[in-house]
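Under the numbering used here, think of the first position of the sequence shown as 1, with each following residue one higher.
The hints are simulated quantities; they were obtained by calculation from the structure and are not laboratory data. Cβ coordinates follow ideal geometry from the N, Cα and C atoms, glycine included. It cannot be assumed that every hint is accurate.
Pair by pair, the computed Cβ-Cβ distance ranges are [stated by the list, open to error]:
| no. | residue 1 | residue 2 | range |
| --- | --- | --- | --- |
| 1 | V75 | T6 | 17 to 23 Å |
| 2 | V57 | L13 | 16 to 22 Å |
| 3 | A49 | G98 | 20 to 26 Å |
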Amino acid sequence: MSIAWTLLIVAGLLEVIWAVGLKYTEGFTRLVPTGFTLSAMALSMVLLARALRTIPVGTGYAVWTGIGAVGTALVGIWLLGEPRSPGRLLSIAAIVGGIVGLKMATPS
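Whenever a hint applies, use it, and build me the whole structure from the sequences.
Put into structure tokens, the structure is as follows:
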């Protein structure tokens, strides 16, 4: 796997962190969670931009948002008590399938 794909995956994981972090900022009124969330957001964007130097933008952005969507949904289920209905889990699996398909269809 190329460095660009590694950067993209890390950027996606940081997206999960900042998306979940938004819940803890309480509308950006809590200083520490806000600082942590904004830092994760900025670093995620920087790594995404760096990865997109090599990876096609359509593929890179879709993978980045997919990692963020799946990761955030799973954190919501595991840590925040959100529903784990069969339909929801099937939808998460469909997103994962799309991410894998995009990766496989894009040259390294």
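Here is how each hint holds up against the structure:
Between V75 and T6, the C-beta spacing of about 21 Å keeps the proposed range 17 to 23 Å intact. A hinted range of 16 to 22 Å holds for the C-beta pair V57 and L13, which are about 20 Å apart. For A49 paired with G98, a C-beta distance near 22 Å keeps the hint of 20 to 26 Å intact.
Comparing the model with each numbered hint stated earlier shows that all of them hold.
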